[in-house]
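Chains as they are written, first to last, in my numbering: chain A, 1 to 253; chain B, 1 to 236.
What the hints contain is simulated information worked out from the structure, not anything from laboratory work. Please read these numbers as outputs of a predicted model, since none were measured by experiment. The beta-carbon is built from N, C-alpha and C at its ideal position, and this holds for glycine as well. Do not rely on the hints blindly, as some may be mistaken.
[To be verified] Label pairs and their calculated CB-CB ranges:
(1) A:S52 <-> B:F16: 35 to 43 Å
(2) A:Q78 <-> B:A97: 30 to 38 Å
(3) B:S137 <-> A:G200: 15 to 23 Å
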Amino acid sequence: MMDLNLDAPHSMGTTIIGVTYNGGVVLGADSRTSTGMYVANRASDKITQLTSNVYVCRSGSAADSQVVSDYVRYFLHQHTIHLGQPATVKVSANLIRMLAYNNKPATVKVSANLIRMLAYNNKNMLQTGLIVGGWDKYEGGKIYGIPLGGTVVEQPFAIGGSGSSYLYGFFDQAWKENMTKEEAEQLVVKAVSLAIARDGASGGVVRTVIINSEGVTRNFYPGDKLQLWHEELEPQNSLLDILNAAGPEPMAI
Amino acid sequence: MSQSTVDVPPKGGFSFDLCKRNDMLIQKGLKAPSFLKTGTTIVGLIFKLSWFLSHCSDMVSSQLRLHRYQTGRDSRVITALTLLKKHLFSYQGHVSAALVLGGVDITGPHLHTIYPHGSTDTLPFATMGSGSLAAMSVFEAKYKEGLTRDEGIKLVAEAICSGIFNDLGSGSNVDICVITKGNKEYLRNYMEPNPRTYVSSKGYSFTKKTEVLRTKITPLMERVEITEVTGEAMEE
Numbered sequence: 001m002m003d004l005n006l007d008a009p010h011s012m013g014t015t016i017i018g019v020t021y022n023g024g025v026v027l028g029a030d031s032r033t034s035t036g037m038y039v040a041n042r043a044s045d046k047i048t049q050l051t052s053n054v055y056v057c058r059s060g061s062a063a064d065s066q067v068v069s070d071y072v073r074y075f076l077h078q079h080t081i082h083l084g085q086p087a088t089v090k091v092s093a094n095l096i097r098m099l100a101y102n103n104k105p106a107t108v109k110v111s112a113n114l115i116r117m118l119a120y121n122n123k124n125m126l127q128t129g130l131i132v133g134g135w136d137k138y139e140g141g142k143i144y145g146i147p148l149g150g151t152v153v154e155q156p157f158a159i160g161g162s163g164s165s166y167l168y169g170f171f172d173q174a175w176k177e178n179m180t181k182e183e184a185e186q187l188v189v190k191a192v193s194l195a196i197a198r199d200g201a202s203g204g205v206v207r208t209v210i211i212n213s214e215g216v217t218r219n220f221y222p223g224d225k226l227q228l229w230h231e232e233l234e235p236q237n238s239l240l241d242i243l244n245a246a247g248p249e250p251m252a253i
Numbered sequence: 001m002s003q004s005t006v007d008v009p010p011k012g013g014f015s016f017d018l019c020k021r022n023d024m025l026i027q028k029g030l031k032a033p034s035f036l037k038t039g040t041t042i043v044g045l046i047f048k049l050s051w052f053l054s055h056c057s058d059m060v061s062s063q064l065r066l067h068r069y070q071t072g073r074d075s076r077v078i079t080a081l082t083l084l085k086k087h088l089f090s091y092q093g094h095v096s097a098a099l100v101l102g103g104v105d106i107t108g109p110h111l112h113t114i115y116p117h118g119s120t121d122t123l124p125f126a127t128m129g130s131g132s133l134a135a136m137s138v139f140e141a142k143y144k145e146g147l148t149r150d151e152g153i154k155l156v157a158e159a160i161c162s163g164i165f166n167d168l169g170s171g172s173n174v175d176i177c178v179i180t181k182g183n184k185e186y187l188r189n190y191m192e193p194n195p196r197t198y199v200s201s202k203g204y205s206f207t208k209k210t211e212v213l214r215t216k217i218t219p220l221m222e223r224v225e226i227t228e229v230t231g232e233a234m235e236e
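Excised from the complex, chain A in its bound form (with noise of 0.2 Å):
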């Protein structure tokens, strides 16, 4: 008998994306938070917003990744007040040097460098993998990984949790510089339903933000209209409509 071991402390075994593409970046994930070998929430959101521009990937611990997006989401809207707009080049380059001595004015970055700090000070006690997506009118779309242990690394697309180890291969044939918005939401649904198919512990339906210069767009693709790969079976209902389902017709002969 499998001990489902429900005392497990809430965790994403996950799929989470982040793309760019020419315009803005596209966020993509899966949606199963697993207790142990219990599916806890089978349509979770780990797709969570920061400000109105950038948003959060979250992996790893549900607890740690949510407490860490709330503090960040709450200094990036005093940050957003005392700048009064989403922040000026000058002033955003003066905090990150304060926060991560950095010479790189940007505003994505601010929220990837506030997430790294308590991420890397807490490295300890925080288990929790972030992708952090956003568009802004200085540098346009940005994706920065910020795996366990808080380091930050700006890159033109990201894959992290548990299901990524699927995606490696796939995205270094996928990728491509300079997509359109249409193919990139493309790419990550397609590969977020690669790694739901491999990985145990992903699941459930796909969710996808688009971030751009015009505002942000989600999107949510159920688990039973995705695409059906190698050996995957079609989904049924319920086990009794196979049963009660007519055998196939005598041949004619």
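We have chain A already, so just place chain B on it with the hints.
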């Protein structure tokens, strides 16, 4: 400023001072006492305009009241959620409380689950506890959007019964709490699917009572008398 150390009483909450000592004792071979675990099944469900809660904890009600006084507004469900979340996260999972939180506020009905480590989920129907799998199976099979109040009560009762009969940790009766805008109805013992079958007609008498050997009352506070001192007002 006084140089001597002052004995400050602990502020409240859990004290982990004896953890090291306990570890050392266990290593030396002492068997740790077991603690009472109450298995349980709790479910919550949103129907049309409101939600049900079958078991709730009111740990933050006093904080919410203070917040209401301060802001001058009715409490919102997410306020309670954030308070509970912060509290549980700060104990890093050592407070083993898994909660289903629900309510109706100015923004509508909400249902949330809160796990011991402090993570939360927002769902239209939720179950927690040792019987959660049994109850969730009922919900997954029968839940649909746009349930009426009676349908909702029936579904919740069915889910809890599933927990009662299929989970060894849950048992006895079903309590239901229906919360609608501005109104809460607590249906205690809504169902009693496990009645006492054999009741002795002679009644039960308990002869051996606890004896009182000695009574000693220690007043904790001495009586303080206040005497008015009439005198001149202080001068600068």
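Status of the hints after comparison with the structure:
| no. | hint | in the structure |
| --- | --- | --- |
| 1 | A:S52 <-> B:F16: 35 to 43 Å | holds (42 Å) |
| 2 | A:Q78 <-> B:A97: 30 to 38 Å | holds (31 Å) |
| 3 | B:S137 <-> A:G200: 15 to 23 Å | holds (20 Å) |
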